[in-house]
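J.: These protein sequences, in sequence, are chains A and B.
Counting in UniProt numbering, the first sequence runs from 1 upward without gaps.
Counting in UniProt numbering, the second sequence runs from 1 upward without gaps.
Simulated from the structure, these hints should not be mistaken for laboratory data.
Just so you know, even glycine gets a beta-carbon here, dropped at the ideal spot from N, CA and C.
A few of these clues could be false.
DSSO-like cross-link-like pairs, simulated, lysine-lysine; straight-line CA separation at most 30 Å [unchecked claim]: (1) B:Lys798 with B:Lys905; (2) A:Lys14 with B:Lys950; (3) B:Lys883 with A:Lys38; (4) A:Lys11 with B:Lys6; (5) A:Lys38 with B:Lys950; (6) A:Lys72 with B:Lys920; (7) B:Lys758 with B:Lys859; (8) A:Lys44 with B:Lys6; (9) A:Lys11 with B:Lys950.
Calculated Cβ distances over 10 Å to all of chain B for the following chain A residues [unchecked claim]: (10) Asp23; (11) Lys38; (12) Val110; (13) Leu119; (14) Leu143; (15) Thr155; (16) Val290; (17) Ile341; (18) Val420; (19) Trp427; (20) Val435; (21) Pro461; (22) Asp479.
The lines below spell out each chain.
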Amino acid sequence: MVVLAASMMSKSGKVLVSRQFVDMTRGRIEGLLAAFPKLVGTGKQHTYVETQDVRYVYQPIEALYLLIITNKQSNILEDLDTLRLLSKLVPEYSPSLDEEGVCTAVFDLVTAFDEAISLGNKENVTVAQVKQYCEMESNEEKLHKLVMQSKVNETKDHMRQRVTEIEKSKIDRGKSEKAFGPMRSPNNIDMNTRGSGPGAGPIFGDIHKTKEQPLASSPAHSKLAGGMKLGKGQKTNQFLESLKAEGEVILEDTQPSAVQSRLSSVPQSDPITVKIEEKLNVTIKRDGGVNNFDIQGTLALQVLNDTNGFIQLQIENQDVTGLSFKTHPNINKELFNSQQIVGAKDPNRPFPTGQNETPLVKWRIQELNEASLPLAVNCWPSVSGNETYVNIEYEASDMFDLHNVVISIPLPALRAAPSVRQIDGEWKYDSRNSVLEWSVILIDESNRSGSMEFAVPAADPSSFFPISVGFSAPSTFSDLKVTAVHPLREGYRCSSVEGR
Amino acid sequence: MASAEKPCTLLVHFDKGSPSMANEIKADLESGDGPTKADAMRRAISLLLNGETLPHLFITVVRYVQSCDDHAVQKLLLLYLETVEKRDPATGKALPEMILICQNLRNNLQHPNEYIRGVTLRFICRLTEPDLLEPLVPSILANLEHRHHFVRRHALSAISAIYRLPQGDQLIPDAPEVVERALATEQDAAARRNAFLMLCACAQERAVEYLLTNAERVSEWPDLLQMAAVDLIRKVCRSKGRVDKGRYIKIIIALLSAPSTAVVYECAGALVSLSSAPTAVRAAANTYCQLLSSQSDNNVKLIILDRLHELRASHREVMVDVVMDVLRALASPNVDVRRKVLDLVLDLLTPRNVEEVVLYLKKEVVKTQAAEAEKGGEYRQMLVQAIHACTVKYPEVAGSVVHLLMDFLGDTNVAAAVDVVLFVREIIETNPKLRVSMIQRLIDTFYQIRASRVCVCALWILGEYSLSLSEVESAISTIKQCLGELPFYTVSEEGESADSSKPAQPVVNSVTVSSRRPVVLADGTYATQSAATETAVSAPAAALGSLASTQNLRSLILSGDFFLASVVACTLTKLVLRLEEVQPSKVEANKACTGALLIMVSILQLGQSSYLPHPIDNDSYDRIVLCVRLLCNTGDDVRKVWLQSCRQSFANMLAEKQFRETEEMKAKAQISHAQPDDLIDFYHLKSRRGMSQLELEDAVQDDLKAATGQFTKDADDTNKLNRILQLTGFSDPVYAEAFVTVHHYDIVLDVTVINRTKETLQNLCLELATMGDLKLVDRPQNYTLAPESSKQIRANIKVSSTETGVIFGNIVYETSNVMERSVVVLNDIHIDIMDYISPATCADVTFRNMWAEFEWENKVAVNTVIQDEKEFLNHIIKSTNMKCLTPPSALDGECGFLAANLYAKSVFGEDALVNISVEKQADGKLSGYIRIRSKTQGIALSLGDKITLKQKGGSS
């Protein structure tokens, strides 16, 4: 039942390819193959030859022989099946049935032979199956690749986010140098609960020194990522994309300082990270009036090690009307409502650890009016001759400093970029989506309002709507803060940064 | 030693290679994208396979190719790893850098693409280095759980391959358990088969257990698994005692009804090897017969017939019962199949079934008559021969067939007709009871005979066996009738002869054409037949026959066949002589005598006229003249010679033939007997004895080993010493001698090189070159040889055809003080053709066919000191290692003339034919020619050289 070798040779006896399935020396196989053409008789109606030791079963294919060499006890019925299969495979892989054709496809043939005969034993396969095996198209691999791709994308997103955060913190630092209020807590001030006590601070001490101001009343890193939308929400993704793109540009423009790089690298190893995030989703009508004003906030905790999982967080917040909290089912509600301490219901159960952030508290602020909007945009298109002039202005409330503000104005299809007459900030024209993006890196006291004017060929004024706006801000509406982290187990001392 | 050689897994034709390509390949591998890399890998593998070593490429491959995620490249990488030298030739250990591939292999084993995993596992099956395998084992085992059957299949075979390695049980100590578990849960047929095979090979008791627990369901198993099961049963029953054989036989019987014919075939084979009980053998034989009739493929039929032949050898009595089933295979149109069937059947004749067989054959003969198929004639000839053989063994059946067969005397297929007439000739001698009716029949059908050879024989029969008055008279009248009106030729017949010569002319031409080629006759005489050859004549003769349907003899003679004419003359002489004995009336006898004389004279007249392009040859002329003289002047001595001695010598010939056949039978029977000094095996002592005869006889294993060339017979040492060749002189700085071993397809030179100087020889290299159909397998390597030390160098040379080859070469070396290289030229090594040919036999007809067909002839004039022809023949036979096909009886007697045919076959399956014709000259010397014919030039030339060299004889 053993096929020793499958070979192809020309009628003149030149061996084109031979695949052995059983260990045999080169001299042996070459000898067997060299003997074959002499043994093949002409005018016979059967296609096998036996010698003292082996049996050749062959099939002429045009000017070639396809043959398999078997031992003499081999099952002829099986061998013929195998040969038949091989003879169907050869034309599939060889571009032409002559020496040259076979020579070019030698390796394909070898792999195909391998599929048809596994280590000398016949496989029950069809031509289609062999082709499938040889093509190696695998759904699992595709799936795996997709997963990998999405992971890569995620990481990239993450990186961009970080970059923007770093950027922010850099600006913050600039701000704090100008001695602005402690309201604007920097991004990544993390607390260290390693057992080294207050002395754990040297690194962070550094940070604070460079910031020259101990403004970190909150040990948490808080962040406000806001999306304010004008018009329909569909644009959100595109909007976020452009936001990220902007972030990258910014990174390239600015020289990251040593501290920043440390900042960006440090968080990975911090044992406990608290993230406070508020998302702002607003839809405003063209003629004024709020359609929808919604703020959603989350407090998420990330603990790296199991040993640090036994903690409680002390939070505080400003009393804002319409603010309502929701806690994770595992959080002790009583403790939260009475003392504003976030702790697990079961003190023996640590917070989940790992790379994932666990949302612990969520809140919502509703019933806010137009006056609380952090940014208002006015757009005035006016047609004059064969051109349309568009004037846009923004006005920011002084409650927040806004970072990475991007105002995207849809334009009618244009051949060339619009001519921008005047602008506070920078602009970019995305011709594919035909969107003009007006970006202002930072809106603070110095530029609470700004304007831009550009001209495009005459167009319908309504084609400049809906305008979407995106930004981020370092502080939140609710102004929620984590003031302290209390360890629950002995042997861990908490390096509280409270009162700095 | 041969086992240390690396196995070769792949051969690729590649003629564009050059070592300089290595750099290109390297560049492509480093920089290219997927397809470029793949192409470079292809070239690299081809170069490797053609003997380049490419030592620096490995690192490049590791660095640049492993990381490539193109599937094609990955597959080629595996092929590359398969071909690349993985062991250090000096130590036999795995090269240290090979460990670099492990990581890649492991990644591949965890690759999301199931096919990458699969092919990698398959590659691992061919990996034998335990160092490399060790880190891979966990990943391989993990793949057993893979979702896709493609991966599981190969994982199982990989485990099997690893476990079978020498240190396999350390690498995966629990492999059998793991595989057994996998087998229990596995669904895929091929994977189950692989698992089962693994158990069969490594843990037979587990496999047996699995088989026996599932015995009920075996018939539902997929065919791949069934095959493996049958294989296991074979193996188990061969090695074990016969305690529980019944259970296995039960399984086999169940499988005999399996839907897959391959399984059924395998079962039949297993059944025979399992048991010699008549029931089992009968079941097997029946199965074979079923397959024989159900399978349409000729290959299958032929091989099944081979199996039946084997069965016949060991279980004749059982086979006798299935003879009619076997006969049914005659329905196949293939000649080879039919021939084999007839051979088989003829061996199975018994008094009981002979009637039936002959009846069947007769029906077949009639069928060929009805349907004038292309091969009808050839087939009919085979049938006639078969019937002939039947009647030789069982003469009583002759009566029922001989008359039927005699209808075929006029067959257009000459060979068939000749067979018939020979048959008739033999029967008429051995079966006196049938004589009368046969002679009558022959006289009736004589006019239908068209072929000259048949005519000749028929005439002889008429002459010998027409005994009674009426028979003799009707025989004479029939011959006269067939000759037609006398004279054959008259001058006045000008007009008519122009008519008849027209059709005659082309006949003569064809005769001359065909007679140009010398023919070796059955008795070994090497003759140029000037008489019309039967093959060429048959068709035109038939055409002529239609003109004058009763005058067949006349048309043949008019076409110039004077040999036939001389036979006619002899026959008439005999008949007349007999008539004189049986005819009471002297007048009638004299009348017949004069009639015969008239015919003979007419023939002579025709022979000497210018009517035919060729005049009568001297032999025929002499013979006819002799007949004329005899009839004019009869005597008792002559009468006795003509009427009795002829028949006597024919009877002698038949007796001799039968004697030879029985002798052969006896000789065959003799072989199967055990020799008194044969080894006796005791089952109970087997385990302590290591290899026993029984294990040696494990046919399948041996078969496989023989097929892969692992059998190396140990030649006895005395022989070994005879084969040592001195290559350089004793006073040369380097002494070398070689020991030549000739295997079938390769020659191994073991060269011992000894440094005879007091200096260190550097870069010593044994450079060899070959002449003839020899090829060096590997390149020479450089060695450094310390003062007065020796070194063994081995060189492999490949042989592809039988032919004398010469290996020559030199040893090149450097010494520290002489700058240029020194050269020692070696003695030539001649590879003897005698190592490749062995005596063989073939039928007379085949010999003559081959003689006619083969293109190369080498003619060697006899030049010898030997005085006796017989002695000379024996000398040639001995020195050429051939077999004499001419029977010894034909060589008997002293006539100063000898002709014989010799035959041998080479290990490559080539035929070598030799014909010797010698004659003793008046001065006592032998003269003549030896002719060698073969399909290839090599044999003819080499054998000729050999004979020229050896024929002198004398001294030896």
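J.: If a hint holds in the structure, say so; if it doesn't, say that too.
T.: Hints and how they fare:
no. : hint                   : result
1   : B:Lys798 with B:Lys905 : holds, 19 Å
2   : A:Lys14 with B:Lys950  : violated, 35 Å
3   : B:Lys883 with A:Lys38  : holds, 21 Å
4   : A:Lys11 with B:Lys6    : holds, 29 Å
5   : A:Lys38 with B:Lys950  : holds, 28 Å
6   : A:Lys72 with B:Lys920  : violated, 49 Å
7   : B:Lys758 with B:Lys859 : violated, 54 Å
8   : A:Lys44 with B:Lys6    : violated, 37 Å
9   : A:Lys11 with B:Lys950  : violated, 37 Å
10  : Asp23                  : violated, 4 Å
11  : Lys38                  : violated, 6 Å
12  : Val110                 : violated, 6 Å
13  : Leu119                 : violated, 6 Å
14  : Leu143                 : violated, 7 Å
15  : Thr155                 : holds, 19 Å
16  : Val290                 : holds, 50 Å
17  : Ile341                 : holds, 47 Å
18  : Val420                 : holds, 43 Å
19  : Trp427                 : holds, 40 Å
20  : Val435                 : holds, 36 Å
21  : Pro461                 : holds, 52 Å
22  : Asp479                 : holds, 48 Å
When the structure is compared with the earlier hints, violations turn up for hints 2, 6, 7, 8, 9, 10, 11, 12, 13 and 14 and for no others.
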